[in-house]
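S.K.: Please put together the full structure from these sequences, using the hints given.
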Amino acid sequence: MTEHTVSSYDEELTTIAGRIAEMGGVAEELVSDAVSALMRRDLVLADQTIAKDVKLDELLLDIEMRNVQVIARRQPMGQDLREIMAAGRIANDLERVGDMAKNVAKRVIAMDEGLKSSTLAIGVEHMTELALAQLKAVLDAYTRRDADAAKLVRDRDSEVDAIYTSIFRELLTYMMEDPRNITQCAHLLFCAKNIERIGDHATNIAENVYYMVTGDRLTDDRPRMDETGVADKENA
Amino acid sequence: MVRKPLPMNEMPNTVEKVTDMTETKIAARKVQVYYGDTHAIQDVDIDIQAKAVTAFIGPSGCGKSTFLRTLNRMNDTIDVCRVEGDIKIDGEDIYDPKVDPVQLRAKVGMVFQKPNPFPKSIYDNVAYGPRIHGLASKKAELDEIVASSLQKAGLWNEVKDRLDGPGTGLSGGQQQRLCIARAIAVSPEVILMDEPCSALDPIATAKVEELIDELRENYTIVIVTHSMQQAARVSQQTAFFHLGILVELGATQDIFTNPQDKRTQDYITGRFG
Amino acid sequence: MTETTLSPAPSSAETPAAPAKGKSLYALDKLTQKRNASETRFKAYGITAILIGLFFLVVLAVSIISEGTPAFTRTVVEVEFAVSQEQFDDAEKQLFKTRAYENLFISGLKQQLDESGVTVPFDEAAIERLLGKPGNTIRSFFRENPDQIGQPVGFELAASSRVDGYMNGRVTRDNIVDSRFLMKSDLDIADALVEAGIIKTAFNWNFITGADSGVDNPGGAGIGASAVGSFFMMLVVLFLSLPIGVAASIYLEEFAPQNRITDMIEVNISNLAAVPSIVFGILGLAVFIQFMHLPQSAPLVGGLVLTLMTLPTIIISTRASLKAVPPSIRDAALGIGASKMQAIFHHVLPLAMPGILTGTIIGLAQALGETAPLLLIGMVGFVARGYPDGLIAGFTEPNSAMPAQIYTWAARADYAFYEKAWGGIIVLLVFLLSMNILAIILRRRFERRW
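Residue numbers (our numbering), protein chains in the order written: chain A, 723 to 958; chain B, 13 to 285; chain C, 468 to 917.
Each hint should be verified, as a subset may be incorrect.
Within a straight-line C-alpha distance of at most 30 Å, the following computed DSBU-like cross-link-like pairs (lysine-lysine) qualify [unchecked claim]:
(1) B:K151 to C:K807
(2) B:K100 to C:K807
(3) C:K651 to B:K132
(4) C:K790 to B:K42
(5) B:K119 to C:K807
(6) B:K126 to C:K807
(7) B:K110 to C:K807
(8) B:K119 to C:K490
(9) C:K564 to B:K132
Derived from the structure by calculation, the hints contain no laboratory data. Keep in mind that this is a model prediction, so the values were computed, not measured.
M.R.: Right, here's the structure in full:
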């Protein structure tokens, strides 16, 4: 896209985009650290992860402040307006992603016994990989302003959902097999749910990227399944 | 690329309540305007909705004012100016040889960039139009027209005690509203406004914009403006002109959030250059 | 900064944020000094120019007033005496009737001198030199007013121009040469008459109201008749050039299509304004008198010629003031559906009126002071000896105009006429001044309508 006549306006927009990318990086790191801590039962890492979430909150505040200033000073229109609005919402989503990761880390600390068998968590790990890939892809789409890539991310969210459903069933089976597993499995189930929510946030971001680039909203005809197995239409 | 005006009913969550009437007041087809050898306006097709505000935006020299002035044949006063194509108001071709531009201008009023009250009293400013068009036979009727026009222009309370005072003694914003009252006084159906706020301060601008919003209940308004924010604030329909071409026409909310043409996009985001 | 130091040049260490400092504002650099000097020089030139102008204006005004005021006074001899019916009848019977009246007058004068106790020897010839021939005036008075016979009547008779000159210092005992017009001894008589209160100076109404006199009687010459001629000429100019000029300007400015023909017309109008006025005189002579056979020397013809001369001025100034009306006013009127005519006559013309009036007055003033074209249509050769009778006659009967009259007087040999010429200039200037004041008043009236 050509540059603005007022170059400082360009700088402001670029800075905001940079901050989003930074937030994305931090969020990814948090998620992978949290899950690593879970898998390796690394309480130190879990603590670090919790501490790092503050960084995301700071970045969110920074982006929100910058957005308000750009709106007040530049009265953005068209693409710029969409970019500002999308940046605010994406930052929010990323902050939520951080919260999810923090929640997982907290559960690592809460599960004092540690994982009895890592096989229980393999599904979660796999799911995390997928969700992280989604997050990476969508952040990539954001930096490249790639609407098609964003659309692809959204379409792939059902995979995460599918894995989550299968993990749900699996953990349910474990809990029925041996009631001693219940505490651990419940924690794991919540972790899985958190990861699944990360996937949802990636989807939200994808939708915002798509809107930002094209100005159109993705029509909401994507089938969604949650653990209830009931199809519904999500309304963001 | 010209979009069909207002595919509004397809839009979910419409933010602004738009009159559901989509009756066309002015229909222009293949309009060409020449200034001597210069082809100032090329192939403009536009439908202007009745009882709504249509804004013309575009960089200086893009032809938006020129096109506006073809709508009440103000360009006739310029010798070298030539207009081709079809402009119909309520289905009547305004460039038909049978049409007298003077009568047309009573139906299509105009408000100009610089407030230009006559150097006469406030009363005479408003009463001039009705007088020359013979709209009032008695003094009482004329008084009534003047009062109601000033009321509609939201100026009555400010000037009712000094109707004999000079129109040029008012503040800029009041002068512009006086000019609007003067235009309303001849009961036009369409009011053309050529950058009506460009010489006003923000508060006076806000008052005029408020007035425009009120007037659209009864009048079809076409406004040329340099301020995109103003177009976004007051209009329901926006047309973007560039180099004598109508680049894009659409519902205002679409033009300002999601323009379809690259040139519109560049213009409204401040990337022209 | 916590501490404020007033040291003129703080070291850079104390003010690290300040960028490299330029020169002090107190020190003027070369360029500024040069610029200021040239500005001062220019102001001085301007003031000098104005002072030079003022100086000449003052010189002009002083010389006009000092040279011209004597024209407004005249020296009169006031004598009161009675003529009885017998004396009247007796005088009417004589061959030289006026001589008889003169004798009566002289005896009256003698009696009056005796009464005041002044004795001076004088004879008939001296009286004639002093007063011209008073007999005729006395005779015609009594012939017209027979009821005054037998009663004492005060006669106020104009003294001859030499005496007049003596009274206002133009003629002195040193520069006088005995001639048939004035002898040195006459001055003694004049002095005695002054002493007796018989010779006085009075305001010369005749100069303002009267007509021109013959070359031998500068004392009786007046500018009134030619002022009337000028007035009628101005009427012709005003009523022809204003409507024609304004109509032409409005058409050219507002309606005429822009093409080669109108361009040519415009150029020619501008050129006409620069044509020497004598050319208009030739034109008037050829067209109005020789071709159209209009009466020669008539204010009508003069007015027509001056109209031609004034038109370009009025057209140019009217067009300029029409152009100066902001186009927004036209737009405003057209925008609410006024026709072009309505827009112009309701809005543009009233706003242009002050400018049009100014142009018209300038044109009229120019026409009023114009002499050259009048030379050619005979308004200079003719000497007005009376007022026109009636309005129509005012236009068609031969008359003179003020500048032409002044020109005629200035060309005459007698020095007294030279004085009259200066006086005429004062009247002309007063005429012009009142026209300008009228214009200013009219302009104010129009301008008051915002």
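S.K.: Hint by hint, note whether the structure agrees.
M.R.: Consistency of the hints with the structure:
1. Taking the CA atoms of K151 (chain B) and K807 (chain C), the gap is about 26 Å. The hint holds against a cut of 30 Å.
2. For the given pair, K100 (chain B) sits about 24 Å from K807 (chain C) by alpha-carbon distance, which is consistent with the 30 Å threshold.
3. As the CA atoms of K651 (chain C) and K132 (chain B) are separated by approximately 75 Å, the hinted pair breaks the 30 Å bound.
4. Proposed proximity of K790 (chain C) and K42 (chain B) is contradicted: the alpha carbons are some 36 Å apart, above 30 Å.
5. For the proposed pair K119 (chain B) and K807 (chain C), the alpha carbon gap of about 17 Å is at most 30 Å, so the pair holds.
6. For the given pair, K126 (chain B) sits about 21 Å from K807 (chain C) by alpha-carbon distance, which is consistent with the 30 Å threshold.
7. Distance hint between K110 (chain B) and K807 (chain C) is fulfilled; the C-alpha atoms sit about 18 Å from each other, no more than 30 Å.
8. Straight-line distance between C-alpha atoms of K119 (chain B) and K490 (chain C) comes to about 66 Å, which puts the hinted pair past the 30 Å bound.
9. For the suggested pair K564 (chain C) and K132 (chain B), the alpha carbons sit about 75 Å apart, so the restraint of at most 30 Å is broken.
Hint compliance for this structure: hints 3, 4, 8, 9 are not met, and every other hint is.
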